[in-house]
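Taking the hints into account, I'd like the entire structure generated from these sequences.
There are 4 protein chains.
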Amino acid sequence: MTDRVVAEANPALIEDLVDANRILYHLGVVDGFGHVSARDPNDPSRFIISRSMAPALVTMADLMAIRLDGRPVSDNAPTPYLERFIHGEIYAARPDVVAVVHSHSSAIIPFTVVPTATLKPLSHMSGFIGDGAPVFEIRDTAGPNNDMLVRSPELGRALAKSLGAHNIVLMRGHGSTVVGFNLRQAVYRAVYAEVNARQQSEALRLGTPIYLTPGEAVESAKANDGQQDRSWNLWKRAIADKGLA
Amino acid sequence: MTDRVVAEANPALIEDLVDANRILYHLGVVDGFGHVSARDPNDPSRFIISRSMAPALVTMADLMAIRLDGRPVSDNAPTPYLERFIHGEIYAARPDVVAVVHSHSSAIIPFTVVPTATLKPLSHMSGFIGDGAPVFEIRDTAGPNNDMLVRSPELGRALAKSLGAHNIVLMRGHGSTVVGFNLRQAVYRAVYAEVNARQQSEALRLGTPIYLTPGEAVESAKANDGQQDRSWNLWKRAIADKGLA
Amino acid sequence: MTDRVVAEANPALIEDLVDANRILYHLGVVDGFGHVSARDPNDPSRFIISRSMAPALVTMADLMAIRLDGRPVSDNAPTPYLERFIHGEIYAARPDVVAVVHSHSSAIIPFTVVPTATLKPLSHMSGFIGDGAPVFEIRDTAGPNNDMLVRSPELGRALAKSLGAHNIVLMRGHGSTVVGFNLRQAVYRAVYAEVNARQQSEALRLGTPIYLTPGEAVESAKANDGQQDRSWNLWKRAIADKGLA
Amino acid sequence: MTDRVVAEANPALIEDLVDANRILYHLGVVDGFGHVSARDPNDPSRFIISRSMAPALVTMADLMAIRLDGRPVSDNAPTPYLERFIHGEIYAARPDVVAVVHSHSSAIIPFTVVPTATLKPLSHMSGFIGDGAPVFEIRDTAGPNNDMLVRSPELGRALAKSLGAHNIVLMRGHGSTVVGFNLRQAVYRAVYAEVNARQQSEALRLGTPIYLTPGEAVESAKANDGQQDRSWNLWKRAIADKGLA
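Protein chains in written order, with numbering that gives the first Met the number 0: chain Z, 0 to 244; chain H, 0 to 244; chain V, 0 to 244; chain R, 0 to 244.
Calculated from the structure, these hints are not laboratory results.
Please read these numbers as outputs of a predicted model, since none were measured by experiment.
Treat the hints loosely; a few may be bogus.
[Unchecked claim] Taking lysine-lysine and the BS3-like style, the derived pairs with C-alpha atoms no more than 30 Å apart in a straight line are:
(1) Z:119 to V:119
(2) H:160 to Z:241
(3) H:241 to R:235
(4) V:160 to R:221
(5) Z:119 to Z:160
(6) Z:235 to H:241
(7) H:241 to R:221
(8) H:235 to Z:235
(9) Z:119 to Z:221
So, in structure tokens, the structure goes:
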């Protein structure tokens, strides 16, 4: 049974959130791990996210509401993700953010561990990366024997601080977190951050790449924001064809 | 309902155009973005292309006719692609061209941003690349704060000028555009330009590759032109098996 | 008909072992070759494994019990894998191990043949790699004209010695073997060792990677051990969707 | 209707030949191009191969018999592959060979164009590569303006000469040809030559790889020859699951 608080939320958003979980799996952004959330449009002090489980298997009944400090809203809530603080503390620090995707997508990982390699926007599809993605070093807060997980409000705040005003933050030896002004935008960004990483990695081996200028990054991101339903409709159909939705 | 003008066009071409959209998606040349067009055989001053949407979902009813200057032929036309000027201005500049594919295919992007790396024909499947693909730098026309999109006749003309007499032009930080003397040939070229990019990138890391001589490029392209239905029939069957057609 | 000894074993373990074969194929860890075993919970001096065949096609009826020295338990046993000594001798040397996966997964092979490249944990998903995977050189035991296969108890013992107290051992020009404290953990490790190899290979080309500290490796491995059913449930569903189970 | 001569051949071989076409497509060794043949067991002076078409679509009715000099055996034979001379001249030069696969598989192409990079056996799965694959340079026979195709007996003989006593010959800017003592072995070799190329390419970027010794190559190839049905059964099932057989 769906979390009572969730059941009262915008049905269209709930449907999108379930789809987002499956789309991110279908496109290889998440595997058994990773999570996606949306801020509750009825109450910006909480967000909606799946209980702790593989994203591909999430249904409406698995969604739950969590307060920004990480406490589930409902009594008898199911087990939440250990790393829900990624979402809560970013929503707390960034009132403009209404959706968050955390993943371990594969091509991004190398950029999280090589200090001399900064993820930068290579094409107009990834203008949202702006002037380059910051990298969160968990050791700075949690020390050298940490378990790499953002498992406390304190670590969530440190991550949100690394994110700053960016749309994406890499996490050393772990993955990345992207934010959006709406859920479909956050999914788009998670997908194309991975695409950009793969292409940038190739480009760096060919020679010295020309990146988008700051102006090109801003303008192309704006242009793509107007086209997000084109991808969304395709992805929704793709998961339906695969029997994932 | 199909555009009235389109409905009068060659039914075999219309079927191929719908198939082309799905084939390009099936083979990973386009994702939610990219487009393919054919010049109207009844009126060379216009071309047929989908309305603005993801190629994989295009049906006959989504096709529309557009004049070479970018104006839809029909009143009450649906929303056209922002970048229809890629197609129109190339058809205007190149009377020999009857089909155009624009895509962001992944392995080509690195070659668009590294000035020292020129896409060249590595194998007999990609002789159509000729003496190396030119690269269109949109900044030269649109300035440093452009949104990377070929969204005007002026930018379309600049792109067509970069293309010149080649069969393919790369677009910095964006993708590529290939042209053909028929639709199936243009699809073939879009597919194997991407294959060539992937293989060339690998070869460049192994050492200094031997490329096709100009004569080999011309002759192998000619030989392959006679074999295009072999690939087309395979791809048509593949999209049917996937339920895409 | 299932091996009589196997039929008496824990039904849940048997089901997991069949699933493990198919999951490892589904995720590209094994192809026609490779094998997975579990120590018999009723008798630690023997282990359960498929007869010699492609893992993807294994059913319950193909499982057999083998003694640690490599002799099948049942009379009239089917043909066992030539390399069953990998399993038997590791179980003999490591009483803590209850599951073993041997594979030729593709991204790991390069790390087995380049002495200067050591497989190390790049992200929190692969903390189990610890301070770096040892490499087994079969020539040291079998001489320069060997057939690369661990086809005798002596070679199995040499491999177990290379493994030592690690969770994974690479095999030069051959593949790798991972061990687990339970079957699902061994499968998880086989999957993420391959993921780590792919990412580490990319990272090494970008520059000098930061690896997990020994403390991070231990702590993140511990954290993931508590989450293994999340992946397992996903993978079980994925093989069912593919008609593999 | 099947070629009359083919209809008289060994039914098991005919079935394997159809399956071989589909398996090679399923595993990405061939796309719309490439071909596989078997020497006619009833008459070693001819071989059986598909008419000119995409391998994935080949059925029994598409098979035809061709003489070693490239002339179809039957009157009214369908259009044969332009490059049938690859097969015929190798069968003529190598009485020990009973099956041939020609493909453009992707990871091998870079090794055909970089003179300093020799395809060598990296793992026990590819011992059949022996002391390194020779490379056929078509320009040496056909001059600098050739169309890259082995379209004459003379070119076929030159290719067979490059192959010599090896099991595989690379073709510059084109692909490769592998031979086998039986059809399943030739398919196995085509598949694992591609796997080896991919892994060797990765290994070369990590450092200096240790290749199999000549003894290891011979012995591991011998061991794998005894296991070929394991892969074949898996692949046959995989194409059946995909509706390809």
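Hints, one by one, checked against the model:
1. Z:119 to V:119: Given that 30 Å is the threshold and the Cα spacing comes to 26 Å, the pair holds.
2. H:160 to Z:241: violated (43 Å)
3. H:241 to R:235: Holds, because 20 Å separates the two Cα atoms, which is no more than 30 Å.
4. V:160 to R:221: Holds - the C-alpha atoms of residue 221 of chain R and residue 160 of chain V are around 27 Å apart, at most 30 Å.
5. Z:119 to Z:160: Satisfied, since the Cα-Cα distance of roughly 20 Å is no more than 30 Å.
6. Z:235 to H:241: Given that 30 Å is the threshold and the Cα spacing comes to 16 Å, the pair holds.
7. H:241 to R:221: This hinted pair is violated, its Cα atoms lying about 40 Å apart.
8. H:235 to Z:235: holds (23 Å)
9. Z:119 to Z:221: At roughly 17 Å apart (the allowed maximum being 30 Å), residue 221 of chain Z and residue 119 of chain Z satisfy the hint.
When held up to the earlier numbered hints, the structure conflicts with 2 and 7 and fits the remainder.
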